[in-house]
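K.L.:
Residues per chain are reported as follows:
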Amino acid sequence: MEKFTTLTGIAAPMPLVNIDTDMIIPKQFLKTIKRSGLGKNLFDEMRFTQDGKEIPDFVLNQPAYRKAEILVAGDNFGCGSSREHAPWALLDFGIRCVISTSFADIFFSNCFKNGILPIVLPQEAVDHLMDDARKGANARITVDLESQTVTASDGQTYGFNVDPFKKHCLLNGLDDIGLTMEKADSIEKFEKTLAQSRPWV
Amino acid sequence: MSGPKTIYDKIWDAHVAHEDADGTCLLYIDRHLVHEVTSPQAFEGLRMTGRKVRAPEKTIAVPDHNVPTTPGRDKHIDNEESRIQVEALDKNARDFGINYYPVSDIRQGIVHIVGPEQGWTLPGMTVVCGDSHTATHGAFGALAHGIGTSEVEHVLATQTLIQKKSKNMKVEITGKLRPGVTAKDITLSVIGATGTAGGTGYVIEYCGEAIRDLSMEGRMTVCNMAIEGGARAGLIAPDEKTFAYVMGRPHAPKGAQWEAALSWWKTLYTDEGAHFDKVVVLKGEDIAPVVTWGTSPEDVLPITGVVPAASDFRGGKVEAAQRSLDYMGLTPGQKLSDIKIDTVFIGSCTNGRIEDLRAAAAILKGKKIKEGMRAMVVPGSGLVRAQAEEEGLAQIFIDAGFEWRLAGCSMCLAMNPDQLSPGERCAATSNRNFEGRQGRGGRTHLMSPAMAAAAAVTGHLTDVREMM
Ligand code: SF4
Chain A
1 MEKFTTLTGI AAPMPLVNID TDMIIPKQFL KTIKRSGLGK NLFDEMRFTQ
51 DGKEIPDFVL NQPAYRKAEI LVAGDNFGCG SSREHAPWAL LDFGIRCVIS
101 TSFADIFFSN CFKNGILPIV LPQEAVDHLM DDARKGANAR ITVDLESQTV
151 TASDGQTYGF NVDPFKKHCL LNGLDDIGLT MEKADSIEKF EKTLAQSRPW
201 V
Chain B
1001 MSGPKTIYDK IWDAHVAHED ADGTCLLYID RHLVHEVTSP QAFEGLRMTG
1051 RKVRAPEKTI AVPDHNVPTT PGRDKHIDNE ESRIQVEALD KNARDFGINY
1101 YPVSDIRQGI VHIVGPEQGW TLPGMTVVCG DSHTATHGAF GALAHGIGTS
1151 EVEHVLATQT LIQKKSKNMK VEITGKLRPG VTAKDITLSV IGATGTAGGT
1201 GYVIEYCGEA IRDLSMEGRM TVCNMAIEGG ARAGLIAPDE KTFAYVMGRP
1251 HAPKGAQWEA ALSWWKTLYT DEGAHFDKVV VLKGEDIAPV VTWGTSPEDV
1301 LPITGVVPAA SDFRGGKVEA AQRSLDYMGL TPGQKLSDIK IDTVFIGSCT
1351 NGRIEDLRAA AAILKGKKIK EGMRAMVVPG SGLVRAQAEE EGLAQIFIDA
1401 GFEWRLAGCS MCLAMNPDQL SPGERCAATS NRNFEGRQGR GGRTHLMSPA
1451 MAAAAAVTGH LTDVREMM
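So the protein sequences, as listed, match chains A and B. 1 is the number of the first residue of the first sequence in our numbering; add one for each residue after it. 1001 is the number of the first residue of the second sequence in our numbering; add one for each residue after it.
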């Protein structure tokens, strides 16, 4: 997994609430057995017409946001299905950070596994960053994971919370499985007890 | 922790294999369910790193999401990408030695229906699957939730998940349900009351008389949609109904182990005075048969209601509601029961079980679907299908004009050929009415099987109570 330390980039505003994973990556693109190449279908049904033409109004089709690396989004971003294709598609497009007032649980956790930082901020902060994002390519937002801050183009800075373990993994690009395997003894011990206490499992 | 515990606390405590100082735990996973869409990249990950499946005997795979539901699929699947995914699952199941129900097996079906049916899902277990509707298994008093593909790989390799404990939420449904009101109406009404983010960060325990009165099938319907309310999981304390359902299933414990299991299962209830971080109470008698009007499961109203206006909402929801109205092609003030329907879909892990088919067939008996209507029943598993045929339900559906399909997810998410066309309006018993969920441009109204059957007969959204 790629490390995430700091990021200064263009942020695309997506004020819609309840953006679900079916919108982020519609199911017809889940038929892949790979993780890569999904960026071209990110937000497919919002981004393209049925015959594959770009919908000019859609934010990521506007010249200012084609290279966006951050999304500022409405409440409850990523709700719906557990498909990890959603963060894969965001990442493949180039999005490394999503900022919202709230996220759906599974999506939130899937982001961290793929080097994407989801940031929860209070409504006023999201509103301010949303306005900033609306300014287009001239307004760059800076995210610093180490110091846990987001800075708008006018210098206004907001602190955010992040789980220390997840922060550590993201900063260092660590793979969860490798870390867990270091605890194989605990798992083995647990399995031995389990065989006694609940043998039907 | 000491003091009174919730059932969630009890199951959690029984599965912590390791705890870090900051509360991050390795939670041991008792059952890992796998399907073809969210697993290929996980198995590929194992191959690339030379890792094995740690507990193949606790891992169960079944193709369901994009299998066709028409005959001949065990010989050939036309869609190449779907075929590759199903073949990949065949191969992964074989190579890694996990339990497998291929499409040719009568026990094949939707993963959340197969698990309980085969007795893999048992009270007090931790159950995960790369699918958000894993919450279904919570009906057995199991801690069950969806995971992403990286976590699928993590569970395959280590039989654990890295987790932090969620908060406890109690959803109590008091009293009795009125006639015509079902488990689906309960679960939709709860989401209507709490919103799709109302459960975020929580594990819900559903309780109260109306929940106790539900069959196991109904309880699965309720827990299935916990995720639609944002919750990590939903569960219901096991009781005699649970034990009766589980007993004798192929993978349920037998003999002395059954007795031992039973005595532990009987301790799985929330202690008097246990703490809940959030409590929601609905009166059973206040719940009406409901339908959704919009493109979020929280857009739910009694069938007697009218389509709302965007200005009825506040904040970001105003824009979302307007978008929903446009997408759904509805006019504010229009009576819900005037909305015409093109298609009816009965099935999915929410409502694809035998009891759901019985409820729909009871409405359809001796009737015909409205002319020009497309209607299909997709049983949740091959065994549900066989039972429905034996009970004569299949014939009722066929006589009414329904298509009688093979088991799978089908038009719940339309990854197989069962899809809506743009603008086509569907009365569906599934769980998501998102834009494009049942096919690009398709319009979905969620409801109970009986309500969907009623709509099939009249051709518009219908209050099932008028047909009872
Ligand atoms: S029936 Fe629908 S919700 Fe259930 S597992 Fe299949 S696709 Fe998911």
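Derived from the structure by calculation, the hints contain no laboratory data. Please read all numbers here as calculations on a predicted model, not as lab measurements. For glycine and all other residues, C-beta sits at the position ideal for the given N, C-alpha and C. Do not take every clue at face value.
[Stated by the list, open to error] Okay, derived cross-link-like pairs now, BS3-like style, lysine-lysine, Cα gap no bigger than 25 angstroms in a straight line:
| no. | chain 1 | residue 1 | chain 2 | residue 2 |
| --- | --- | --- | --- | --- |
| 1 | B | LYS1005 | B | LYS1241 |
| 2 | B | LYS1176 | A | LYS183 |
| 3 | B | LYS1164 | A | LYS3 |
| 4 | B | LYS1176 | B | LYS1254 |
| 5 | B | LYS1167 | A | LYS167 |
[Said to hold, decoys possible] Covered stretches of chain A, as calculated for chain B (at least 3 residues, CB under 8 angstroms):
| no. | stretch |
| --- | --- |
| 6 | 11 to 17 |
| 7 | 54 to 63 |
| 8 | 67 to 78 |
| 9 | 89 to 99 |
| 10 | 108 to 117 |
| 11 | 137 to 149 |
| 12 | 159 to 167 |
K.L.:
The structure should be examined with respect to each hint, and the outcome stated for every one.
P.N.:
Hints, verified against the model:
With a CA separation close to 23 angstroms, the supplied pair LYS1005 (chain B) and LYS1241 (chain B) stays within the 25 angstroms bound. Of the pairs offered as hints, the one joining LYS1176 (chain B) and LYS183 (chain A) is violated, with about 49 angstroms between alpha carbons and a cut-off of 25 angstroms exceeded. For the proposed pair LYS1164 (chain B) and LYS3 (chain A), the alpha carbon gap of about 23 angstroms is at most 25 angstroms, so the pair holds. Simply put, LYS1176 (chain B) and LYS1254 (chain B) have alpha-carbon atoms about 35 angstroms apart, too far for the 25 angstroms limit, and the pair is violated.
Simply put, LYS1167 (chain B) and LYS167 (chain A) have alpha-carbon atoms about 21 angstroms apart, close enough for the 25 angstroms limit, and the pair holds. Residues of the stretch 11 to 17 of chain A lying with their CB closer than 8 angstroms to a CB of chain B number 3, which satisfies the three-residue condition for coverage. With 0 residues carrying a beta carbon less than 8 angstroms from a beta carbon of chain B, the stretch 54 to 63 of chain A misses the three-residue requirement, and the given coverage is violated. Under a criterion of three residues with beta carbons nearer than 8 angstroms to beta carbons of chain B, the stated coverage of the stretch 67 to 78 of chain A is upheld, 3 such residues being counted.
Here the stretch 89 to 99 of chain A counts 0 residues with a CB under 8 angstroms from a CB of chain B, which misses the bar of 3, and the coverage is violated. Proximity of the stretch 108 to 117 of chain A to chain B, defined as three or more residues with a beta carbon under 8 angstroms from a beta carbon of that chain, is established by the 4 residues found. Residue count for the stretch 137 to 149 of chain A with a Cβ under 8 angstroms from a Cβ of chain B: 0. That is fewer than the three needed, and the coverage hint is violated. Look at the stretch 159 to 167 of chain A against chain B: 3 of its residues bring a Cβ nearer than 8 angstroms to a Cβ of that chain, three or more, so the hint holds.
The structure does not agree with the numbered hints 2, 4, 7, 9 and 11 stated previously, though it agrees with the rest.
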